[in-house]
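Chain order of the listed sequences is A and B.
Going by the working numbering, the first residue of the first sequence is number 1, and it counts up by one from there.
Going by the working numbering, the first residue of the second sequence is number 116, and it counts up by one from there.
Quick list of the computed label-pair ranges, beta carbon to beta carbon:
id : chain 1 : residue 1 : chain 2 : residue 2 : range
1  : B       : PHE169    : A       : MET19     : 39 to 47 Å
2  : A       : THR7      : B       : VAL161    : 16 to 24 Å
3  : B       : VAL200    : A       : ALA2      : 21 to 29 Å
4  : B       : ASN235    : A       : GLY16     : 43 to 51 Å
5  : B       : GLY177    : A       : SER80     : 42 to 50 Å
Note that these hints are calculated values from the structure, not bench results.
These figures come from a predicted structure and were not determined experimentally.
Cβ atoms here follow ideal geometry from the backbone N, Cα and C, with glycine treated the same way.
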Amino acid sequence: NAGVTQTPKFQVLKTGQSMTLQCAQDMNHNSMYWYRQDPGMGLRLIYYSASEGTTDKGEVPNGYNVSRLNKREFSLRLESAAPSQTSVYFCASTDRGLSGANVLTFGAGSRLTVL
Amino acid sequence: AQKVTQAQTEISVVEKEDVTLDCVYETRDTTYYLFWYKQPPSGELVFLIRRNSFDEQNEISGRYSWNFQKSTSSFNFTITASQVVDSAVYFCALSEAYSHFNAGNNRKLIWGLGTSLAVNP
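Isolated chain B, as found in the complex (with noise of 0.2 Å):
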C-alpha cells in the first residue's frame, strides 16, 4: 500500500536557523513522482517540487533543498536561513504513475499529514 509520513507534526524554529522536514514514504511502484506542497497561513497549497522516481539528484532553488533517496524511500525538504515568511504547513504527497490498467488508483495523490512550521523572529 502506498503510504506518506511525515513525523514531525510540529516545528518552531528562529530565524536564521536551518530546518528539515523529512518525509518517509512506501510504494510497491519502481515509477512514482513524489511533490512537496506548501500552505501558509493564507490557506492555498502552493506547489514547490515534484520529483520523479528515476531522478534522485538533489535539487536546490534558493534557500530550499531537496534530499532524494530511494535506499531510505526518503524525500526531505531543507530550508537554509528560515525567515518568517516560510512560516506555514508543508504537506509531502506521493503519486504512482498514470497506468492504463490501473487508472483508478492512480488519479490520487497520497497526502501526508503535514508538518506545521513556526519561524520566530
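This is chain A alone, in the form it adopts within the complex (with noise of 0.2 Å):
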C-alpha cells in the first residue's frame, strides 16, 4: 500500500516561476489536505478538500491554489513563485471528513526552494 504519494519530491525555482505539486492517495480517503513546513512555525495548513469536487482555503492560502482532480488526487499550484514559498510541503489525507477526531495519513514531503 503507498498511501500518500507526493512528487517531485526535490525541486528548485526562479521567482515568478509556476509549478505544480501533485499528490495522490489509494485509501479512498474522502478528504485530503496541504500543509507548509517552516523552522519555528510548524505545520500551516493552505488548502483542504473535504470530499471530491470541494475545496476550501486553510490559514495560509495566499498564493496557492488547488485542484481537487477526482477522489484520489489532490494538486497544489504555485502561480508566480516567490522566495517566502520556501518551504516543505505535505500532503495529508483522511477518510473521517471533517471530524475533530480525524488522524491525517501524511505524503513523504516535497521540499521547494524559491531563488
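Grab the two chains, each in its own frame, and use the hints to assemble them into the complex.
And the structure:
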C-alpha cells in the first residue's frame, strides 16, 4: 500500500516561475489537505478538500491554488513562486471528513526552494 | 483561543535513558482531541496516538506511554529505554470536536512547534 504519494520530492524554482505539486492517495479517503512546514512556524494548513469536488482555504492560502482532480488526487499550484514560498510541503488525507477526531496520513513531503 | 505549547525545542539523551516530551494545550471547548505525531529524519509525519477529552486514562504502547491530565491541560509523552530509532521530531496537536455550526474553525489541527529528540548511542 503506497498510502499518500507526493511528487516531486525536491524542486528548485526561480522567482516568478510556476509549478504544481502532485498528491495522490490510494486509501479511498474522502478528505485531503496541503500543509507547509517552516522552521519556527510548525505546520500550517494551506488548503483542504473535504470531499471530491470541494476545496476550501486554510490558514495560509495566498499565492496558492488547488485542484481536487478526483477522489484520489489533490494538487497544489504555485502560479508565481516567491522566496517566501520556500518550504517543505506535505499532503495528507483522512477518511473521516471534517471530524475533529481525524487522524491524518501524510505523504513524505516535497522540499521546494524558490531563488 | 486554541494553543499548543511544546516548551522543549530540543532534547538530547543517551540510549536507554527515559525521556518525557511535554505538551501543554489551551482550549475553551469541553470536547476536543489531542494527538502525537512523529517525524523521523526521512520526513513523513506518522500518527502515534489520539486521545479524546473524556478519556483521561493513561496509555502505554510498548516503550511509549502518554499521560493526559486535564487539570493541568497537559498531554505528555514518555519514551522508556530510548533507542536511536526514536530520534525524530515529535509534534503534539489539538483539535476541537467537529461542530456543524462552527465548521470553519474545526477543520484544522492546532500544532505545537515540535520537540526534536536526539538519542545518541
